[in-house]
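Participant: Each chain is listed here by its residues.
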Amino acid sequence: MSFQAPADGVLLPPYRVLDLTGPEGVFCGKLLADYGADVIKIEPPDGDPTRQKPPFIGDQPGPERSAYFLFYNTNKRSVTLDLESPQGLDLFKKMAASADVLIESFPVGYMKTLGLDFDILKTDNPGLVMASITPFGQTGPWKDFLSTDLISAAVSGFMQITGDPDGPPLRQGNEQSHFPGAQHAAVAIMGALFYRDMQGGRGQYIDVSMQEAMITYYTDAHPALAWMQNGENVTRVGTNSTLVIPLGAYPSKDGWISAGIITPREWENLSRWMFEVTGNEEILNEDYKGGNQDRAPYNDIITALVIDFTTRFTSEELFHQGQERNLVFIPVNTVADLLVDPQLEASNFWFDLAHAEAGTLKYPLGVFDSEEVSPVTKPAPYLGQDNEAVFKGELGLSETELASLRSQGAI
Amino acid sequence: MTGQAFSKKALAGTRVLELGPYVALPMTGRILAAMGAEVIKVETNKVLDEMNFIPAWSRGGGQPEFQRGKKRITIDVRTPDGLEVFKELVKVSDVFMTNFRRNILDRWGIDFPELRRLRPDIIVMWQTGLGGIGPYYTYKSYGILVQHMGGVSLMSGEEGEPPATINTSYSDYHTGVFQPVAIMGALMRRRLTGQPATMESSIFKSGALTAGPALLDFQSTGRMPQRMGNRDPNAAPHGVYRCQGDDRWCAIAVQSADQWSAFCQAIGNPDWCGEDAFSTLESRLANQGRLDELVGEWTIGQAAEDAMTRLQEAGVPAGLVSQGQDLYEGPHLKAREFYRPTPFYLADRSKPAWEWEGMEGISSANPPKMTESPMDFGHYSNIGEDNDYVFKEILGMSKKEVDRLKENQSLF
Chain H
-2 MSFQAPADGV
8 LLPPYRVLDL
18 TGPEGVFCGK
28 LLADYGADVI
38 KIEPPDGDPT
48 RQKPPFIGDQ
58 PGPERSAYFL
68 FYNTNKRSVT
78 LDLESPQGLD
88 LFKKMAASAD
98 VLIESFPVGY
108 MKTLGLDFDI
118 LKTDNPGLVM
128 ASITPFGQTG
138 PWKDFLSTDL
148 ISAAVSGFMQ
158 ITGDPDGPPL
168 RQGNEQSHFP
178 GAQHAAVAIM
188 GALFYRDMQG
198 GRGQYIDVSM
208 QEAMITYYTD
218 AHPALAWMQN
228 GENVTRVGTN
238 STLVIPLGAY
248 PSKDGWISAG
258 IITPREWENL
268 SRWMFEVTGN
278 EEILNEDYKG
288 GNQDRAPYND
298 IITALVIDFT
308 TRFTSEELFH
318 QGQERNLVFI
328 PVNTVADLLV
338 DPQLEASNFW
348 FDLAHAEAGT
358 LKYPLGVFDS
368 EEVSPVTKPA
378 PYLGQDNEAV
388 FKGELGLSET
398 ELASLRSQGA
408 I
Chain L
3 MTGQAFSKKA
13 LAGTRVLELG
23 PYVALPMTGR
33 ILAAMGAEVI
43 KVETNKVLDE
53 MNFIPAWSRG
63 GGQPEFQRGK
73 KRITIDVRTP
83 DGLEVFKELV
93 KVSDVFMTNF
103 RRNILDRWGI
113 DFPELRRLRP
123 DIIVMWQTGL
133 GGIGPYYTYK
143 SYGILVQHMG
153 GVSLMSGEEG
163 EPPATINTSY
173 SDYHTGVFQP
183 VAIMGALMRR
193 RLTGQPATME
203 SSIFKSGALT
213 AGPALLDFQS
223 TGRMPQRMGN
233 RDPNAAPHGV
243 YRCQGDDRWC
253 AIAVQSADQW
263 SAFCQAIGNP
273 DWCGEDAFST
283 LESRLANQGR
293 LDELVGEWTI
303 GQAAEDAMTR
313 LQEAGVPAGL
323 VSQGQDLYEG
333 PHLKAREFYR
343 PTPFYLADRS
353 KPAWEWEGME
363 GISSANPPKM
373 TESPMDFGHY
383 SNIGEDNDYV
393 FKEILGMSKK
403 EVDRLKENQS
413 LF
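Chains as they are written, first to last, in our numbering: chain H, -2 to 408; chain L, 3 to 414.
For the record, the hints were derived by calculation from the structure and aren't laboratory data. Accuracy of the hints is not assured; some may be wrong.
[Claimed, not checked] Under 8 Å between C-beta atoms, here's a sample of chain L residues computed to sit facing chain H:
(1) 25
(2) 144
(3) 169
(4) 197
(5) 333
(6) 366
All C-beta atoms in this analysis are idealised placements derived from N, C-alpha and C, irrespective of residue type, glycine included.
Taking the hints into account, I'd like the entire structure generated from these sequences.
Facilitator: Below, the structure written as C-alpha cells:
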C-alpha cells in the first residue's frame, strides 16, 4: 500500500489498482490510470477478450489493434495470469496482499468460488478497497441475471425515453452502458481511499449496480417519480421535443443542427431572424409567442417553418450567428468534426499517444484541463508486457520460476 | 437515516462552496455531500434554477436528486454586500466550484486569481457547457443539446433515419460524476504536496470522450460510425420485441450458439428454430428481418416481465424496457432500497422559496454501496433553509447584520 505524493504535474498518488474487469468496469481503471494511479490489468494468458473486438486499426485484426481495447486501457500495465490455475491464483493473492484497490466485474459469486471474496482478501490486507461493478449489483432477485449493453439500456429505462414515440425504444450508440457504473465506482474508490488515508479508516467493499448507475444518468426525466406522483409512464419524444418547442435536431444545408428555444425572449429573437431570412410572415403569428408550452398546439407548423429556415444555412453558420443573437444552435457533430474542433483543441482535450503497432493517434484524454495537473500519456499495454517487472521485480520470482509458470500456462 | 449509526464520513472536515444551476455541477456537489463534505450551495430567489421546473409535470420534485445533503443559502452575488459575504465564504472553503461562463463571473466581480488571494490553497473546479477556455468560451448552451455536439447522437438511431435524441441532459451526468474524482484527487494532492489546483471541465468534453473507440477508428480507417438501431454485428436475435400491453417491450440479445439453443428451448422449440436460415450466427444475421418477426410473434403473447424471467432462467440475456412503474415498483430495485421517500417544495416563481408548499416525493440512492464509509442519502434542505447556520455559525455574522442584508435583498 502506498500513500505517496503524486509525481510532478500528476493528480493522483500512484495507488496500486488491480483491474480484473470486463467491459462493465473497464472504464473505471482507465479513469484512475489516466490521472496517475498504477493500474495493472490482469488478463488471462490468451488475453482479454476485448483485444479481439472489432474495429481494428487499419482493419487488420490483431490483439494489439482493437480500437476498443486501445481506448479503454490507456495508461494501464498488463500482466497475464490464469486465476483458475493454482499457481496463477497464488500469484494473484500475493499481488492482492499489497494492492490498494481491486476492481472486478465477474458474475456474482465467481470471486468467492476462487476464494477471493473480500472477507478473505482483507485478512491479509486490511487496507484493501475492493469494488465490484455488475449489471444488477450483488444482492436482489435479479443479481444473477445476464446482461449486455442492450439489456442494460433496456432495464435502466434509458431506451424507454430514446427514439420515436411511434417506433420501438432505441438504445444509444457506442455502448454507453460502459460509463455510468464505472464512473460511480471510480468516485466510490476515491472516497474509500480518502477515508482510509486521510481519515485513518480501514479498507472496504463497494457494490455498484450498472442498472442503478444508469438510472442516475437521466434523473431530470425521472420516470419513477412521474409514476409515483401522477401514475403516468414517461415515454419517447423522437428527435424533437414535444415539451419545449422548438427543441431538437433539424436538417441544415450540410448535416444536422440542434436548437433549443427555451425563454420567451429567445423565441422573439428567433422568429424575427426567421422572418428576415425567409420573408414568411407566418412565423410572427401572435399565437406562437410566449413560453415554450404556448407553442405546443402548433408544433407541426412551427417545426416545418424551422426546417425551412435551418436548411438555408450550414451548421457552422447557425452555431455562430445564433450566439450573436443570444440563441442556442449546437452542431450535431460527427467524429470527424470533433477531431478538428477548435474548442477541444484549445482546452487540451487531445493527446498524441504513440503505440508501436497502432501508430500515433489523437486520444481524448483531457476531460478537465489544468495548469497544475495533466493526464498521463501512455498507450494501452501489450499483452503481458509487465510480467517480468511485476512477477520478477516486485514479487521476487526467479527466472526459472517464471519459465516454469509460463510452461504450465499459468501466466 | 441510513448510515447515521456509522462513524466517520470520507470527506468529513472538507468544505465545498457551490455556485451554479442545472444538472452537472449540482450532481457533483450532491456526491461530495454524500461522501461527508459540507457543501454550501449559493442560490438566490431572484433567479431560480430552471431545474425547479423540470420535469415539467413536477415543480421541484426533481430537485432532491441534485441538491440533497447540501446546506442551501441565499446570496445575490450581483449585489456589493452579497459579493462580500460570498468572498467571506471563499476564505473558509477548501473547494470552490461553479458553472458560470467567464464573461458572467467577470461581470459579477468573481475572478479566480482573486479567489486564490482570498484563500491561497483553494481547489477550483470550473465547469461550463462548451468550455471555459477556447473560442466558444462566451457561448451559451443547453445540456440537452450537448449530447449532439459530443458525437453520441449521430451513432444513435435507426439506419437512414434522423439521429435519436435521448430526452434528458445526458452528457451532463458524465461531467457531474467525473468531477468528484478530480476534486477528491486534488484534495489529496494538496494534502501531500501543499499544492492547490484549478481545473476546467465542460459537458462538451465529457460527452466527446464517450465517443472514444469511434474516434480512434476514424483516424485509422476514415470510417464514420453508422446508426444501426438496436442491431449488433455479432448477435442475432438482438433487439427489442413488443410484448402484451401498451408500449411494452422486452430486449433480447442472443450472442452465442449455446444461447441460441437455450432461446429456442425456452420458447418451446417452434419449427422455424430448426430452419437452416437460422442455424448459424451468419445465417441469422442474413435473415434478421424474418427472424425478428418470428421472435416478435412469441413475445407479443407474453408479459414483458415473464418473457424476461423465462429467458433469463434459460441463460439468455433478456430485459424488459423499464417504464416508470417498473422502476418504482419492480422487485429488484425495491429489494435494494433504491428509491426512498424525500420531501420537496412546490416551486413557485411568485414567492420566495420559504413560502413554498412542502410535498412528498422520492429520489434515488447513491449507486455505490460502501461498507465502511457509506454514502449518506442526505437531508433535503429547501432554498435558504441553512441561512442562519451558515451566516451566523460559520461566518459569525450578527443577527443585526444578517437582517440588514436580508432587508436590502443581498441575502435573498
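Participant: Verify the interface restraint on residue 197 of chain L: the C-beta must sit less than 8 Å from at least one C-beta of chain H.
Facilitator: 6 Å, holds
Participant: With a cut-off of 8 Å, does the beta carbon of residue 333 of chain L approach a beta carbon of chain H closely enough for the hint to hold?
Facilitator: 5 Å, holds
Participant: Double-check residue 25 of chain L for me: the hint is only fine if its C-beta lies closer than 8 Å to a C-beta in chain H.
Facilitator: 6 Å, holds
Participant: Holds or violated: is there a CB of chain H closer than 8 Å to the CB of residue 169 of chain L?
Facilitator: 4 Å, holds
Participant: Does the closest beta carbon of chain H sit nearer than 8 Å to the beta carbon of residue 366 of chain L?
Facilitator: Check passed: Cβ of residue 366 of chain L comes within 6 Å of chain H, closer than 8 Å.
Participant: Classify the hint on residue 144 of chain L as holds or violated, based on whether any CB of chain H lies nearer than 8 Å to its CB.
Facilitator: 4 Å, holds
In the structure shown, no violation is registered for any of the earlier numbered hints.
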